[in-house]
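Number of protein chains: 2
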Amino acid sequence: MKKKIVIVGGVAGGATAAARLRRLNEEDEIVLLEKGEYISFANCGLPYYIGEVITNREALLVQTVEGMSKKFNLDIRNLSEVVEINRERKTVSIKKVETGEIYEESYDTLILSPGARPIVPPLNGLSDAENVFTLRNVPDTDKIKAWVDEKKPKEAVIIGGGFIGLEMAENLHHRGVNVSVIELGNQVMAPIDYEMAAIVHWELDNEGVELYLNDGVKAFKDGGRTIVLQSGKELTSDLTILSIGVRPENELAEKAGLTLGERGGIVVNQTLQTDDPNIYAIGDAIEVRDYVQGTPAMIPLAWPANRQGRLAADHINGRNAVYKGSLGTSVAKVFGLTVAATGNNEKLLKRSGVDYEAVHIHPNSNAAYYPGGSQLSMKLLFQPDTGEIFGAQAVGYKGVEKRIDVIATAIKGKLNVWDLADLELAYAPPYSSAKDPVNMAGYVGGNVVEGDLSLVHHHEIDEIVKKGGVLIDVREPEEREFGFITGSINIPLGELRDRLSELPEQQHIYVNCQVGLRGYLATKILTNNGFKASNLSGGYKTYLLGK
Amino acid sequence: MKKKIVIVGGVAGGATAAARLRRLNEEDEIVLLEKGEYISFANCGLPYYIGEVITNREALLVQTVEGMSKKFNLDIRNLSEVVEINRERKTVSIKKVETGEIYEESYDTLILSPGARPIVPPLNGLSDAENVFTLRNVPDTDKIKAWVDEKKPKEAVIIGGGFIGLEMAENLHHRGVNVSVIELGNQVMAPIDYEMAAIVHWELDNEGVELYLNDGVKAFKDGGRTIVLQSGKELTSDLTILSIGVRPENELAEKAGLTLGERGGIVVNQTLQTDDPNIYAIGDAIEVRDYVQGTPAMIPLAWPANRQGRLAADHINGRNAVYKGSLGTSVAKVFGLTVAATGNNEKLLKRSGVDYEAVHIHPNSNAAYYPGGSQLSMKLLFQPDTGEIFGAQAVGYKGVEKRIDVIATAIKGKLNVWDLADLELAYAPPYSSAKDPVNMAGYVGGNVVEGDLSLVHHHEIDEIVKKGGVLIDVREPEEREFGFITGSINIPLGELRDRLSELPEQQHIYVNCQVGLRGYLATKILTNNGFKASNLSGGYKTYLLGK
Numbered sequence: 001m002k003k004k005i006v007i008v009g010g011v012a013g014g015a016t017a018a019a020r021l022r023r024l025n026e027e028d029e030i031v032l033l034e035k036g037e038y039i040s041f042a043n044c045g046l047p048y049y050i051g052e053v054i055t056n057r058e059a060l061l062v063q064t065v066e067g068m069s070k071k072f073n074l075d076i077r078n079l080s081e082v083v084e085i086n087r088e089r090k091t092v093s094i095k096k097v098e099t100g101e102i103y104e105e106s107y108d109t110l111i112l113s114p115g116a117r118p119i120v121p122p123l124n125g126l127s128d129a130e131n132v133f134t135l136r137n138v139p140d141t142d143k144i145k146a147w148v149d150e151k152k153p154k155e156a157v158i159i160g161g162g163f164i165g166l167e168m169a170e171n172l173h174h175r176g177v178n179v180s181v182i183e184l185g186n187q188v189m190a191p192i193d194y195e196m197a198a199i200v201h202w203e204l205d206n207e208g209v210e211l212y213l214n215d216g217v218k219a220f221k222d223g224g225r226t227i228v229l230q231s232g233k234e235l236t237s238d239l240t241i242l243s244i245g246v247r248p249e250n251e252l253a254e255k256a257g258l259t260l261g262e263r264g265g266i267v268v269n270q271t272l273q274t275d276d277p278n279i280y281a282i283g284d285a286i287e288v289r290d291y292v293q294g295t296p297a298m299i300p301l302a303w304p305a306n307r308q309g310r311l312a313a314d315h316i317n318g319r320n321a322v323y324k325g326s327l328g329t330s331v332a333k334v335f336g337l338t339v340a341a342t343g344n345n346e347k348l349l350k351r352s353g354v355d356y357e358a359v360h361i362h363p364n365s366n367a368a369y370y371p372g373g374s375q376l377s378m379k380l381l382f383q384p385d386t387g388e389i390f391g392a393q394a395v396g397y398k399g400v401e402k403r404i405d406v407i408a409t410a411i412k413g414k415l416n417v418w419d420l421a422d423l424e425l426a427y428a429p430p431y432s433s434a435k436d437p438v439n440m441a442g443y444v445g446g447n448v449v450e451g452d453l454s455l456v457h458h459h460e461i462d463e464i465v466k467k468g469g470v471l472i473d474v475r476e477p478e479e480r481e482f483g484f485i486t487g488s489i490n491i492p493l494g495e496l497r498d499r500l501s502e503l504p505e506q507q508h509i510y511v512n513c514q515v516g517l518r519g520y521l522a523t524k525i526l527t528n529n530g531f532k533a534s535n536l537s538g539g540y541k542t543y544l545l546g547k
Numbered sequence: 001m002k003k004k005i006v007i008v009g010g011v012a013g014g015a016t017a018a019a020r021l022r023r024l025n026e027e028d029e030i031v032l033l034e035k036g037e038y039i040s041f042a043n044c045g046l047p048y049y050i051g052e053v054i055t056n057r058e059a060l061l062v063q064t065v066e067g068m069s070k071k072f073n074l075d076i077r078n079l080s081e082v083v084e085i086n087r088e089r090k091t092v093s094i095k096k097v098e099t100g101e102i103y104e105e106s107y108d109t110l111i112l113s114p115g116a117r118p119i120v121p122p123l124n125g126l127s128d129a130e131n132v133f134t135l136r137n138v139p140d141t142d143k144i145k146a147w148v149d150e151k152k153p154k155e156a157v158i159i160g161g162g163f164i165g166l167e168m169a170e171n172l173h174h175r176g177v178n179v180s181v182i183e184l185g186n187q188v189m190a191p192i193d194y195e196m197a198a199i200v201h202w203e204l205d206n207e208g209v210e211l212y213l214n215d216g217v218k219a220f221k222d223g224g225r226t227i228v229l230q231s232g233k234e235l236t237s238d239l240t241i242l243s244i245g246v247r248p249e250n251e252l253a254e255k256a257g258l259t260l261g262e263r264g265g266i267v268v269n270q271t272l273q274t275d276d277p278n279i280y281a282i283g284d285a286i287e288v289r290d291y292v293q294g295t296p297a298m299i300p301l302a303w304p305a306n307r308q309g310r311l312a313a314d315h316i317n318g319r320n321a322v323y324k325g326s327l328g329t330s331v332a333k334v335f336g337l338t339v340a341a342t343g344n345n346e347k348l349l350k351r352s353g354v355d356y357e358a359v360h361i362h363p364n365s366n367a368a369y370y371p372g373g374s375q376l377s378m379k380l381l382f383q384p385d386t387g388e389i390f391g392a393q394a395v396g397y398k399g400v401e402k403r404i405d406v407i408a409t410a411i412k413g414k415l416n417v418w419d420l421a422d423l424e425l426a427y428a429p430p431y432s433s434a435k436d437p438v439n440m441a442g443y444v445g446g447n448v449v450e451g452d453l454s455l456v457h458h459h460e461i462d463e464i465v466k467k468g469g470v471l472i473d474v475r476e477p478e479e480r481e482f483g484f485i486t487g488s489i490n491i492p493l494g495e496l497r498d499r500l501s502e503l504p505e506q507q508h509i510y511v512n513c514q515v516g517l518r519g520y521l522a523t524k525i526l527t528n529n530g531f532k533a534s535n536l537s538g539g540y541k542t543y544l545l546g547k
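Those protein sequences? They're chains X and A, same order as listed.
First residue of the first sequence? That's 1 in UniProt numbering, and the numbers climb one at a time after it.
First residue of the second sequence? That's 1 in UniProt numbering, and the numbers climb one at a time after it.
No wet-lab data here; the hints were simulated from the structure.
Check the hints yourself; a few may be wrong.
Treat identical chains as interchangeable: a pair holds within one or across any two.
Calculated pairs, PhoX-like style, for lysine-lysine (alpha carbon to alpha carbon, straight line, at most 25 Å) [said to hold, decoys possible]:
#	residue 1	residue 2
1	Lys435	Lys414
2	Lys524	Lys2
3	Lys435	Lys398
4	Lys524	Lys3
5	Lys532	Lys71
6	Lys324	Lys414
7	Lys70	Lys524
8	Lys71	Lys435
9	Lys324	Lys435
10	Lys71	Lys524
11	Lys532	Lys2
12	Lys524	Lys4
13	Lys35	Lys70
14	Lys70	Lys435
15	Lys35	Lys3
16	Lys532	Lys3
Work out the full structure: start from the sequences and follow the hints.
As structure tokens, this is what we get:
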């Protein structure tokens with residue numbers, strides 16, 4: 001039987017659903033409604049067009065209304081805003097954006113893919129500030145780019161250090177603008193933990209981006225030219241990007257009486273249906289399950305939106321289609337750095353009261369003797385008894401997102417820390433080491449779970465030393481010239497076996513090295529000689545990052 | 001109880017085993033015997049030192065005898081060749097290479113890690129050829145590099161187009177030498193299939209490397225300066241590298257009465273023990289299980305050697321340690337190209353009589369609108385009823401080994417083609433697309449298994465068209481100007497719905513496009529309209545590669 005399917009929202013999830021619906025069924029009537037002018041545009045590319053990294057505006061328009069209509073035999077209506085869902089009549093009320101005219105369209109099945117919109121707080125002076133922008137779509141992009149092209153701003157202020165904020169920071173910097181970033185939290189890039197974000201802070205500093213952490217905007221003055229921070233500081237801005245986060249476009253669903261989650265996401269079941277089985281919802285507007293913990297989560301990213309679009313179309317056509325939740329796998333380029341993460345971070349695990357352990361490693365991206373490699377920092381989070389993987393983070397200049405992709409795959413395959421050690425990954429000197437960083441993380445994790453390795457963490461060691469704990473720094477004396485942990489005693493690894501008698505037998509011994517590897521060898525020597533010993537996870541490097 | 005463990009072979013697996021043994025036990029006596037001068041050197045880096053990509057020779061020496069002895073408290077003896085295993089006495093006979101003196105050393109447990117040596121066929125004139133080299137270790141490297149430095153060869157001939165052959169081709173080319181590669185088979189790089197290797201053939205051609213396929217060496221003349229091929233061709237060579245493969249160093253094991261496999265590998269059980277439970281064997285010299293099929297295989301690569309070294313040490317110390325077999329995951333840089341593979345290739349599956357299906361895709365390494373990306377070619381092999389993944393290959397300029405690592409992980413996680421589609425991988429425009437190439441391969445594979453998509457292959461289509469089969473090329477007319485499959489009829493995808501009446505209703509319709517995506521959309525239109533249709537896997541691109 002021929003069905004009529006109406007889709008609200010023509011970007012990412014909505015466009016994907018439309019294409020998939022047509023591939024599955026040549027007869028169905030498929031109506032795609034988009035309130036904006038453009039459908040299926042490259043959201044994630046927008047900052048790069050402003051930065052002139054992408055130079056061709058057309059390239060942002062992945063599908064045009066005309067092209068996609070023809071290719072997939074769709075009824076696509078842009079500039080068409082759905083203002084009401086009439087569930088009893090199974091119709092939607094559509095407002096033609098240009099004329100204001102409202103008409104009704106019937107549906108057998110409705111898919112809501114309205115997305116999320118940038119949060120705009122009610123700040124003093126904001127309404128008079130012409131130079132403050134948010135970035136969501138092509139018209140926003142055009143406005144910001146025109147402002148940069150025409151006004152040639154000298155100073156830009158980014159409010160919010162998330163993905164869009166940092167991508168805009170990089171792209172405005174690329175345009176020759178001095179950039180400041182204001183972040184309310186103590187770190188940028190919420191998906192990663194503080195000591196990992198510290199590497200990003202360094203990178204921003206190196207690139208000359210001013211970073212104001214633990215500070216927010218109190219008010220705008222002088223028509224937006226002056227930004228007053230909560231700390232009292234005042235910044236001059238010729239261009240301000242407001243990127244403090246997004247909020248699900250849930251009004252339509254709410255008005256229709258569909259259930260919303262605590263954070264406003266439209267609640268759906270595993271087959272992406274709302275309370276009303278004839279209404280599906282997908283993309284940034286919905287509440288998903290955290291893949292690892294099974295708890296509700298809001299994860300406004302492109303992959304879930306696309307995947308959900310496909311699955312909704314499958315389910316509408318009677319196929320098995322279960323959305324299993326989101327890992328929130330993400331990656332961002334921040335100048336030369338790549339920052340990637342998957343699954344749960346430590347902040348979330350701590351907040352959730354879940355029992356976890358973390359390991360930090362700083363291996364080379366590829367064989368140290370092959371040129372062009374660089375150190376990368378990884379953090380692996382796992383269940384301390386079973387070795388179940390909760391999540392991972394990586395930051396560095398090369399081979400970063402590869403390791404996160406592997407761990408995201410491992411999580412979906414229900415692999416544990418030992419399995420990570422057993423992954424047979426591609427090795428040649430330009431690409432990796434015979435023990436890949438993922439293998440290394442797995443080995444360290446396995447050692448912890450098996451009790452072969454006791455860890456102490458960067459945020460614990462100062463307190464321990466202060467209270468009289470013994471900390472042995474097993475690096476060479478030359479390395480300590482660049483800094484060491486106050487109170488640590490230097491016994492280089494090569495001398496440790498001969499100097500065991502210097503150590504107090506009754507006391508727990510803490511060990512640190514530069515990145516954690518020699519420290520591990522040292523703790524093995526110590527424990528095999530009857531001492532109780534713990535290694536500082538990630539060594540002095542992680543300690544320094546955590547400061 | 002204190003044990004005495006003797007290890008034969010101080011590179012890769014042997015060195016790893018020694019280090020792990022010490023970490024697990026501080027008391028054991030660990031003797032590491034190496035017949036060469038160097039232990040634990042960077043095998044995989046040797047070609048790059050000859051090519052002066054790696055400029056520091058010291059960098060190749062990962063561990064020195066002195067350094068490693070001290071760090072791990074080991075008894076390391078280099079220039080010490082084990083010439084006999086005396087199983088009854090539990091001793092080995094060791095020849096001091098420098099003096100010829102032989103002495104016995106007892107063991108409780110023996111680990112054999114002798115490696116594999118380059119195959120040198122008994123060719124006419126070889127013994128008189130001073131300019132013919134094999135490459136296995138540091139002295140070989142020194143000899144080749146000295147020859148290049150001093151003799152300044154103009155013409156080099158590489159015999160054998162495997163990993164070492166092609167890495168040497170690139171590195172000698174980098175030194176300004178004209179390079180020819182002779183390969184007995186119809187393709188280079190045995191781990192991948194012919195149509196994938198074709199991309200490598202193009203790359204070699206682009207870089208000015210002469211490639212002689214389906215040809216071998218018959219004899220050397222003029223002291224090696226002339227190489228006579230089986231085809232009768234004669235090549236001039238100032239420097240010849242013999243890299244046709246390796247053979248396990250199995251003589252010691254054989255003489256000791258340990259079982260060898262059909263291809264000469266030392267047979268071990270899952271805990272890496274030979275027939276004699278006191279003798280373990282690891283690395284290139286052993287026969288492993290193919291991880292996918294469970295059949296015997298020889299996989300002389302660094303990852304398995306290292307992994308086995310660790311596991312043997314674990315098992316010796318009473319720990320659970322099972323080597324689950326080798327996927328043979330591999331990667332090589334061939335000039336700008338990256339060539340990577342994991343699991344079974346089509347040649348092996350065909351030879352084994354296993355039921356399989358293959359899909360080819362040619363997606364972009366990252367978002368097409370973001371600069372610096374490039375097309376990559378992937379092949380996925382799987383069980384056609386269950387979707388079990390057998391293997392994958394990828395060739396391209398960017399993001400290649402990442403996708404293979406993900407699929408290698410998926411295989412270890414027992415994920416199937418649908419799961420590949422469901423992998424939540426890291427996406428931002430510089431790194432991937434919202435549907436990653438791995439997702440794409442999974443979607444196509446899933447479509448095939450579910451019967452949503454019928455494929456025809458590059459090696460089948462000519463015959464089909466010749467016999468009167470209908471082949472529709474759904475590309476635009478402009479694209480056909482660069483070539484098309486003889487006998488194909490052009491109906492651009494956008495016109496297909498309107499021109500269905502032109503198609504014969506009773507005949508199976510074959511479809512091709514450029515890379516397979518539009519062809520898939522076309523087959524969906526056709527089958528949804530009652531036609532029987534198949535898509536050419538990988539489109540015209542794979543067809544051309546398969547020529």
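Hint check:
1. Taking identical chains as interchangeable, the C-alpha atoms of lysine 435 and lysine 414 lie at most 25 Å apart whether they share a chain (21 Å) or sit on different chains (22 Å).
2. In this assembly of identical chains, lysine 524 and lysine 2 lie within 25 Å of each other by CA distance solely across copies; the values are 17 Å between and 69 Å within a copy.
3. Both within a single protomer and between protomers do lysine 435 and lysine 398 lie at most 25 Å apart by alpha-carbon distance, with minima of 16 Å and 22 Å respectively.
4. Proximity of lysine 524 to lysine 3 under the C-alpha cut-off of 25 Å is restricted to the inter-copy arrangement: shortest distance 18 Å between copies versus 67 Å within a copy.
5. In this assembly of identical chains, the alpha carbons of lysine 532 and lysine 71 lie at most 25 Å apart only when taken from different copies (20 Å versus 68 Å within one copy).
6. In this assembly of identical chains, lysine 324 and lysine 414 lie within 25 Å of each other by CA distance both inside one copy and across copies; the values are 13 Å within and 17 Å between.
7. In this assembly of identical chains, the alpha carbons of lysine 70 and lysine 524 lie at most 25 Å apart only when taken from different copies (15 Å versus 67 Å within one copy).
8. Taking the closest pair of Cα atoms, lysine 71 and lysine 435 come within 25 Å of each other only across two copies (19 Å); inside a single copy the shortest separation is 47 Å, beyond that limit.
9. Only between protomers do lysine 324 and lysine 435 lie at most 25 Å apart by alpha-carbon distance; the minimum there is 17 Å, versus 32 Å within a single protomer.
10. With identical chains, the CA atoms of lysine 71 and lysine 524 are at most 25 Å apart between copies only, with a shortest distance of 12 Å across copies and 64 Å within one.
11. Within a single copy, lysine 532 and lysine 2 get their C-alpha atoms only as close as 72 Å, which misses the 25 Å cut-off; across copies the closest is 21 Å, which meets it.
12. For the homomeric pair lysine 524 and lysine 4, the shortest alpha-carbon distance between copies (19 Å) is at most 25 Å, but the shortest distance inside one copy (67 Å) is not.
13. For a Cα distance limit of 25 Å, the shortest separation of lysine 35 from lysine 70 inside one copy, 20 Å, qualifies, whereas the shortest one across copies, 71 Å, does not.
14. Taking the closest pair of Cα atoms, lysine 70 and lysine 435 come within 25 Å of each other only across two copies (22 Å); inside a single copy the shortest separation is 51 Å, beyond that limit.
15. Only within a single protomer do lysine 35 and lysine 3 lie at most 25 Å apart by alpha-carbon distance; the minimum there is 23 Å, versus 76 Å between protomers.
16. In the homo-oligomer, the alpha carbons of lysine 532 and lysine 3 lie at most 25 Å apart only across protomers (24 Å), although the nearest pairing inside one protomer, at 70 Å, exceeds that limit.
The structure meets every hint from the earlier list without exception.
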